[in-house]
Structure formats: C-alpha cells, structure tokens
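Two chains, each in its own frame: build the complex with the hints.
Residue numbers (the numbering used here), protein chains in the order written: chain L, 407 to 520; chain H, 320 to 433.
Note that these hints are calculated values from the structure, not bench results. Note that this is a predicted model, so its numbers are computed, not measured. Don't be surprised by glycine CBs; every beta carbon is placed ideally from N, CA and C. Don't take every hint at face value.
[Unchecked claim] Far from chain H, by Cβ distances over 10 Å, these chain L residues were calculated:
| # | residue |
| --- | --- |
| 1 | Gln422 |
| 2 | Thr427 |
| 3 | Thr435 |
| 4 | Thr459 |
| 5 | Phe469 |
| 6 | Lys475 |
| 7 | Val484 |
[Stated by the list, open to error] Which stretches of chain H does chain L cover? Using the computed rule of at least three CB atoms under 8 Å from a CB of chain L, they are:
| # | stretch |
| --- | --- |
| 8 | 357-365 |
| 9 | 405-413 |
| 10 | 422-430 |
[As the list claims (entries may be wrong)] Using 27 Å as the maximum straight-line C-alpha spacing, the simulated DSS-like pairs for lysine-lysine come out as follows:
| # | chain 1 | residue 1 | chain 2 | residue 2 |
| --- | --- | --- | --- | --- |
| 11 | H | Lys361 | H | Lys397 |
| 12 | H | Lys376 | H | Lys361 |
| 13 | H | Lys361 | L | Lys409 |
| 14 | H | Lys361 | L | Lys475 |
| 15 | L | Lys409 | L | Lys460 |
| 16 | L | Lys409 | L | Lys475 |
| 17 | L | Lys475 | L | Lys460 |
| 18 | H | Lys376 | H | Lys397 |
| 19 | L | Lys409 | H | Lys376 |
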Amino acid sequence: LAKTTQPISMDSYEGQEVNITCSHNNIATNDYITWYQQFPSQGPRFIIQGYKTKVTNEVASLFIPADRKSSTLSLPRVSLSDTAVYYCLVGDMNAGGATNKLIFGTGTLLAVQP
Amino acid sequence: EPEVTQTPSHQVTQMGQEVILRCVPISNHLYFYWYRQILGQKVEFLVSFYNNEISEKSEIFDDQFSVERPDGSNFTLKIRSTKLEDSAMYFCASTTRGLYNEQFFGPGTRLTVL
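The shape of chain H in the complex, shown without the other chains (with noise of 0.2 Å):
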C-alpha cells in the first residue's frame, strides 16, 4: 500500500540553525501539506501546497518557514533560523483532491532544538 514517507525519523539542531525536513508524498497526490505537533498538544496546520504554490498557511508559518517541492517526488519544509519553541513532530501529508478528503500522514519527524 502507498504510504507518505519522512526524513529524518529525528533531527537535533542548536538554535539559529537551519533545518530541511524532507518528505515523499504518495506519487498520484497532488495537494500537499505540513502539519505540527508540540509534545502533548494538538496537531497543528502549518502549510498546504497546491500546483507548486502555497494554497493557504497559518500564523504559525512565518518567514522562517518555507516549503518547496524541488522535484516530482520530494516535498520539503524548511526552517531557516530554528527557536527552541520549534521543537515538535512535523508531520507531511497529502491528498489526491483539495476537498475535505481523506489525507495520508507520514510517520513524522521529531525535530529538537537546543
């Protein structure tokens, strides 16, 4: 069965760093999205990506973020300078429509800032 991949399973990086978390969408899927996770808390929207452009993002994706999908397969989500509130699960999904349709999470990326 298709599924959403993610990397790295873990990322630790000092504060002021930039990262790259790196995703694979499932290959037919053609609306992309970024979604956050602070221990203990809600899973968070951040971003949602659609015909190589950013559809809709949230307060939470500031300048400091950014997402590209650099080829037909990856799609990434940077964090140019990272805080320590940055600290979280960063989850990649995607869907084969933009409707209120079924998305597919990946397993996720645990990012720790120190």
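If we strip away everything but chain L, and leave its shape as in the complex, we get (with noise of 0.2 Å):
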C-alpha cells in the first residue's frame, strides 16, 4: 500500500474554500485515491474517491495531476461544522480477495473558525 503525507492540521475560517493536499509518491497504476472525514467520537465517513484528473460531488472536489503523485480534496465554503479530520488513502481498487482493510494515517485536522 502506497505511504501518504499529508498535513497534520490546518485552519481555515467559515466561508473560505480550504484544499488539502495529499502525497502519495509510490502510488502504483491499479491504487485509487479515497479521503473520509471524521469527527469527534464518531466512525469515519467517505468523502470521495478517484483516480485521475478530477472528481466532483456535492460535497468536495478531487484534483488529480497527470503523475498522480498527489492529490488535493478540495471543500468549497467550509463552516464550523466541516472542523474534523481528513483522511487520504490510497489503495488497489482490482486487488483480489474479499479484505481490503483502509490503512489510515493520523489525517489532518482541519479547524473551522467563525
């Protein structure tokens, strides 16, 4: 499973867009590129999925760069309750077997201020 990094925290005020960026250097040709959020005491939750270029649904973008070494999640207009942490992971969308286990890094603990 390719090794991500990605901040440890960051701030941000309501109404700004915020981008997270994600490296993910040994990313190999089958692996996706999936960020959950988490909030306190709860369990994680997807946010989106990719695999090149970019993606879009109604909560976030994915902006992909033709190396894939990278990723941005990208949340536009974020309020106070959009404070949690933001996982990025990346991993083989084809593997065979019933498992694939998310491997979670520490994430990035993005805070929401008025």
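Quick look at the structure:
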C-alpha cells in the first residue's frame, strides 16, 4: 500500500475554500485515491474517490495531477461543522481477495473558525 | 438511508472480563470489518470477514479476539479477557464489495477497561 503524507493540521475561516493536499509518491497503477472524514467520537465517513484528473460530488472536489503522485481535496465554503480530521488513503481498486482493509494515517485536522 | 448500527455505545468492564461488541451492518452488504481507535491515535484495522470466515486479521487481533456472524444481521467482536490497553473506540464497517470500495462505518462502541 502506498504511503501517504498530509499536513497534520490546517486552520480556516467560515466561508473559505479549503484545499488539503496529500502526497503519495509511490502510488501504483491500480491504486485509487480515497478521502474520509472523521468527526470526534464518530466513525470515519467516505467523502470522495478518484483515479485521475478531477472528481466532484455534492460535498467536495478531488484534483489529481497527471503523475498521480499527489492529490488535493477541495472543500468549498467551509462551515464550522466541517471541523474534522480528513484522511487520504491510497489502495488497489482491483486487488483480488475479499479484504481490502483501510489503512489510515494520522490525517489532517481541519479547524474552521467563525 | 441505511446505516451501520453498533451496541452498546459505551461499555465499561473490569480487566480480565469478556466483552461482546455488537454491530448490525447494512443489510445487503457482504464484507464486514472491525477497526479500533485508541484515544488520540489512528484508526487501526483489526479484522475483515466475508462468507462466514475471516479474510484477514492484523497483528492486534490475537487469540483474545474473535468475530462471529451468528445470524443474517449481527456481526460481533468478542474480547475474551480484556486488558487495560484494549480501551478504545471500536468501529464496525461494511461494504458491498471487497474491492477498495466505500466502507460504511458505525458510530462506534467506546470500551473502557478498568
């Protein structure tokens, strides 16, 4: 599994766009990039997943450059309720077997202030 | 919207006692997982379960741990003889496919071992 590196923490203000970058220099051809969000005392929650270029859903956008060695999670107009830990995970979408456990790093603690 | 449920939300036990943590995964999901998170630390994979057997387990998941799917809905984690270091949040997760797909996490059970 490719190792990921992301900032330990970030600060923002309500209404701003937040971009969290994750580096994964050793990403493999079959690997997908997935982001999860975790609020205090809750289970992680899937945000978005992508393979290349740009993916957008109702919550966030994910930008992946051509070399795929990094990715950026973009949260538009954050609010206080977006304060959480954001995890970048990289894994093989086509791996055989029934496991495909998620390996979480330390994540990025996003603190949104009024 | 379907969700993973876990009971109890908080369990307090004495060291050496057995505990059973219960989970009801989303009904059409086939792959089940347990993770744990010690306070202030990373989410750690414990075990994955598919087709009524363990697919993979981590080194944390030693002989004191066991999992079971006793009927068509429940998925349980048993710790036979709890230790102080077992104190953590335990999260159950499920997914429809064993590929690197979105896993749905439950709200967690906070286990406190005294």
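*Please write out, lowest number first, the hints stated earlier that are contradicted by the structure.*
none
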